[in-house]
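J.: Below are the chains, spelled out letter by letter.
Number of protein chains: 2
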Amino acid sequence: MSRPTIAGVARTAGVSVASVSRVLNGLPATEEMVERVQRAVEQLGYVPDSRARSLKVGRTFQLTLAVADVGNPVYVTMMRAVEEVVSAAGYRLVVTTTGPDVVDEVALVRGMARGYADGLVISPLRVDDDLIKSIQECEVPVVVAGNVPARAGVDTVRANSPKGMLLAVEHLLAKGRRRIAFVNGPVDTVPGAARAKGFAEAMKANGLQPVAEVEAVDFTFPAGREAGDELFSKLDNRAPLGLDAVIAANDLLAVGLMHELAARGLVVPDDVAVVGMDDSELAEQSFPPLTSVNLGSAERGRRAAELLLARIEDDTRAPRRIVVQPTLSVRKSTP
Amino acid sequence: MSRPTIAGVARTAGVSVASVSRVLNGLPATEEMVERVQRAVEQLGYVPDSRARSLKVGRTFQLTLAVADVGNPVYVTMMRAVEEVVSAAGYRLVVTTTGPDVVDEVALVRGMARGYADGLVISPLRVDDDLIKSIQECEVPVVVAGNVPARAGVDTVRANSPKGMLLAVEHLLAKGRRRIAFVNGPVDTVPGAARAKGFAEAMKANGLQPVAEVEAVDFTFPAGREAGDELFSKLDNRAPLGLDAVIAANDLLAVGLMHELAARGLVVPDDVAVVGMDDSELAEQSFPPLTSVNLGSAERGRRAAELLLARIEDDTRAPRRIVVQPTLSVRKSTP
DNA sequence: GTCGAGCCTGTAAACGATTACAAGAACGAT
DNA sequence: ATCGTTCTTGTAATCGTTTACAGGCTCGAC
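These protein sequence lines are chains A and B, in that order. Under my numbering, the first residue of the first sequence is numbered 3, with each subsequent residue one higher. Under my numbering, the first residue of the second sequence is numbered 3, with each subsequent residue one higher.
Heads up, none of these hints are tricks.
Intra- or inter-copy, both count: the list cannot distinguish identical chains.
Listed next, the in silico EDC-like pairs over lysine to aspartate or glutamate satisfying Cα-Cα at most 20 Å (straight line):
#, residue 1, residue 2
1, K135, E44
2, K135, D106
3, K236, D273
4, K165, E215
5, K334, E262
6, K236, E217
7, K206, D246
8, K236, E215
These are computed hints drawn from the structure, not numbers from a lab.
With the sequences and hints as input, model every part of the structure.
T.: Encoded structure:
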């Protein structure tokens with residue numbers, strides 16, 4: 003016995019399908035009509051088919067959030083924030099993962115044309131012209147949680163990495179640390195590039211020379227360990243322990259680095275201070291708890307979701323580019 | 003200008019919609035037909051509407067994974083595993099989060115009848131008769147990654163908590179630790195209940211008395227800290243430091259606990275050994291790296307996904323109940 | 001009593017795909 | 001030349017909803 007349809011409900015209620023649909027959608031109807039339909043619905047255990055409905059009305063009442071790596075704790079913060087605002091607006095949130103490759107991101111955006119959802123929040127790691135083009139041409143509104151060029155004309159909410167770097171550097175400076183190294187993620191990613199630039203600027207603004215800079219293969223924990231190892235092999239050419247602080251491009255890298263430091267018998271923060279970025283849940287979970295630049299992932303998620311909802315309402319608004327300001331969460335990994 | 007439909011493609015290609023559909027689905031057609039259709043598709047940028055398609059064929063080629071808390075790293079392991087097998091089978095995976103309440107889980111399962119996906123993997127924290135009923139009656143196949151009673155007759159792949167507890171206890175014993183405490187999650191959850199039982203059995207089997215047992219309010223990091231605090235307020239009644247090891251019901255609790263230990267000047271593993279459960283990414287990221295019972299989350303994810311695919315193929319198979327065996331990942335939090 | 005206004009309700013046409021069925025074309029065999 | 005087979009293509013029904021439109025009813029005003 004197949005699942006009941008609206009026609010079945012209409013039949014057992016002794017009314018027309020239109021009437022059933024109307025009471026189901028809360029349109030005006032007589033007491034008795036409502037009564038009969040509800041009884042039939044109850045009796046048959048009828049549940050409307052969202053595929054048919056969204057085919058007709060052209061909306062799915064689903065929104066998609068696409069992230070590169072579910073293992074990165076910064077996304078859980080963002081996810082929670084997005085979830086909160088979209089569900090308050092009556093939408094279901096579904097999340098999918100793209101992986102680190104831009105072609106997969108493009109495929110995902112293009113795929114939205116199939117009608118999976120009414121909108122998309124995407125946080126791309128790598129951005130190229132194809133991706134921008136696919137976003138511009140996308141059938142449904144998309145907002146980028148991250149950075150794309152202004153000329154792209156897409157809704158964007160991004161962090162202020164340079165400002166965040168400044169917070170990190172100045173905090174270290176205030177604590178008397180001047181020999182600062184930098185563990186970045188891949189510079190061919192948007193955040194990687196932004197942090198590299200921000201770090202250079204922040205150091206220069208404070209009259210400092212970086213002690214060393216290394217580029218991890220990705221933004222993960224093991225990459226952080228490897229990067230730490232590489233950092234030391236670079237430093238061995240110079241005076242022993244030529245550094246007293248390291249800034250990492252995100253919390254996972256920072257934690258990986260701290261493990262490498264520990265493996266070398268160095269203690270954080272006494273020997274070397276460490277500051278991460280993202281201020282994810284991992285920052286407070288790590289040991290010692292990690293001083294981390296809060297790039298506003300929760301607020302970015304919230305704003306991105308709001309932007310998406312607003313654009314769904316009105317597709318003619320001029321694209322907005324929101325940037326949320328960082329703060330510093332000081333914990334025990336810096337003196 | 004609205005997005006092109008199959009009718010538009012048919013018109014510009016000068017063929018019928020049926021023919022377009024056929025070449026799109028790879029059914030036999032002449033060279034020339036394929037050629038013309040592909041050119042028209044290309045020219046119009048046509049993308050088939052999955053809503054319409056799945057309305058007609060009755061399948062969405064999407065699968066849903068529902069987890070309670072995206073912040074729990076055990077789910078990222080599981081997610082990765084599920085993703086891998088379902089995408090290999092040609093399905094899209096979407097993940098949604100239910101929260102800790104069973105009513106939300108029930109709502110989710112019931113909601114599957116709307117046709118969001120062809121199947122569901124759910125990892126429920128709390129299980130009641132409503133949930134079981136909703137799973138049994140669900141329009142689409144459901145497999146539970148967790149434990150439900152055998153009489154429910156649903157596909158299940160679960161961990162072996164008691165065996166895992168035995169591994170933990172015996173490992174500690176082998177290291178000379180006998181004064182063992184236990185930090186559990188809520189016992190009104192399925193994993194909480196299983197771990198409580200397993201811990202009691204494992205201790206008894208080794209002739210040990212628990213030093214103390216506390217129940218955290220949930221399976222999160224802050225709950226772990228609070229539970230640690232509570233643990234000590236219980237112990238103050240007895241000899242100072244009446245314990246030399248703690249087992250935690252999952253990695254987040256273990257890490258929270260370790261923070262509380264550190265706050266009290268206790269060093270892990272010298273003063274007290276700690277073993278977690280789940281062997282999530284957090285276990286290797288934490289400091290010291292956490293000895294943790296690997297409950298096979300990756301394999302559970304994989305098997306659950308395979309079970310789901312198999313049931314989609316053939317809905318008449320007898321329900322299977324797979325249990326995957328634990329191993330112990332020894333790291334630095336135990337001597 | 002007739003008429004118009006105002007409600008409810010039902011009929012039927014969409015939405016955009018797939019697919020059963022039939023019709024036409026091509027071709028070889030008789 | 002005719003017939004039957006096979007292969008390709010087109011027509012139209014269908015999936016389960018929503019909704020424009022029209023029909024029928026009630027009611028009050030004239």
